Amino acid sequence: MKANALTAVLAIGVMALILSACGGEQAVDVKTLMAQPKAYVGSDTCKMCHLEHYDSWKMTLHSRMTQDPQKNRDVIIAEFDEKRIREDLAKIPNLKVPADQIFIPKIEDIKYTIGSQWKQRYIVEKGGVLYISPVQYSADADRWVNYNEAGWDKHPWLAACGGCHNTGVDLKTQKFVETSVGCEACHGKGSWHAALPKTAVFEKRQTIVNPAKLTSGTAAAICGSCHNRGKSTKDKEAEWPVGYEPGKALSVYFKSLSFAGGAVNNFYANEFSKGHHQQYIDWKQSKHFKEGVSCTSCHFVHQMGVPPTRSQTQAAGSKQCFECHLQVNQNMAHSIHSFANCVGCHMPRIVTSIESGDLHSHVFVTLLPADTLKNKDVPNSCQTCHKHKNEDLKELQAEWDALAKIPKPIGKPIEPISYKQAPPKK
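Under the working numbering, the first residue of the sequence shown carries the number 4, and numbering increases by one thereafter.
There is no bait here: all hints are sound.
Okay, derived cross-link-like pairs now, DSSO-like style, lysine-lysine, Cα gap no bigger than 27 Å in a straight line:
id: 1; residue 1: 390; residue 2: 377
id: 2; residue 1: 216; residue 2: 41
id: 3; residue 1: 50; residue 2: 207
id: 4; residue 1: 114; residue 2: 86
id: 5; residue 1: 237; residue 2: 129
id: 6; residue 1: 114; residue 2: 239
Bear in mind the hints are in silico, worked out from the structure with no lab data behind them. This one's a predicted model, so the numbers in the text were calculated from it and none came from an experiment.
Generate the whole structure from the sequences, applying the supplied hints.
In structure tokens form, the structure reads like this:
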């Protein structure tokens with residue numbers, strides 16, 4: 004009997020220890036904590052409570068933007084064969100440095116890689132400063148091409164674009180908290196949020212940014228802080244919004260470039276983007292922007308499983324458009340291509356990441372042959388298609404004009420009909 008009682012007491016004690024271990028949290032002085040400045044803690048801290056979201060983020064390109072080959076050599080997707088690299092470079096016209104004199108890093112000197120899907124660039128250190136090396140690999144075309152070969156070591160990586168390739172960049176110390184686009188790049192600094200106990204429910208919610216709960220324009224500005232091209236308003240050397248935090252007004256920290264402002268290498272004369280990572284600038288010109296259709300209306304940020312497309316859209320190709328747009332007829336302009344290829348016409352491939360036309364325009368406007376006839380440097384949707392690539396522009400425009408108009412009705416107008424009066428009732 005005594006043995007059973009002792010066993011019961013021990014069982015209760017063990018259970019109490021287990022419960023205290025599971026539910027116990029160290030007391031935190033909320034006021035003292037929130038009096039301290041916020042700091043970055045890194046995505047590995049976030050995963051301790053948000054493992055499902057962390058795992059879904061790991062499936063995105065954001066998590067692989069910048070990687071460390073010193074820790075994992077396999078993040079380098081290309082083979083560094085100097086002979087082959089120089090042969091590829093020699094095929095490129097108008098190099099500013101002869102192909103046999105362009106600096107090619109040794110694989111052991113690569114500190115970080117940037118990208119892996121469309122292209123990959125390589126970060127090297129020179130004089131204690133990080134730079135993007137002057138050769139890059141085109142994954143789609145399987146070839147090596149030049150990158151700023153004449154002045155590559157005059158533009159430090161962290162100031163030029165490191166704030167969008169990493170999280171928590173400090174230009175004064177030349178350090179960053181985390182490689183790639185981590186949780187805090189979109190949700191803000193997480194030190195308060197991570198330190199507060201779970202019991203401080205309302206305070207915990209207030210210490211982190213949830214873009215889904217922001218107004219659509221403010222949330223889209225988070226994407227626009229990097230899918231953009233311009234200059235910092237807070238640091239004259241930086242080409243990313245130094246000091247910007249999710250939820251703030253982006254224009255306070257960053258001014259976008261434009262064709263009218265002199266960025267002729269990055270924009271066409273109609274202000275459509277020519278260069279990559281400028282989707283936000285395009286979108287701001289679109290009807291989508293005016294109607295409140297934002298980045299996350301089409302693209303998911305992180306979700307479980309393999310992304311359905313390389314661009315992380317919620318549906319593949321033009322199926323994404325049909326999530327909102329209903330095709331009610333196939334006449335006029337839509338009679339030209341009855342297979343409903345919305346993307347082919349309304350998002351022409353006129354943007355270059357590393358190969359010509361490897362990215363889509365985000366103004367969502369069909370560019371007609373007439374646009375190219377007005378300015379030969381402005382492309383059109385029709386000629387981005389292989390079928391019409393070499394066709395005469397005037398003929399293409401004439402075909403469009405003929406199909407895009409409702410034909411005038413023909414035939415004899417219907418004569419009014421005279422009806423007989425019914426006989427009066429008897």
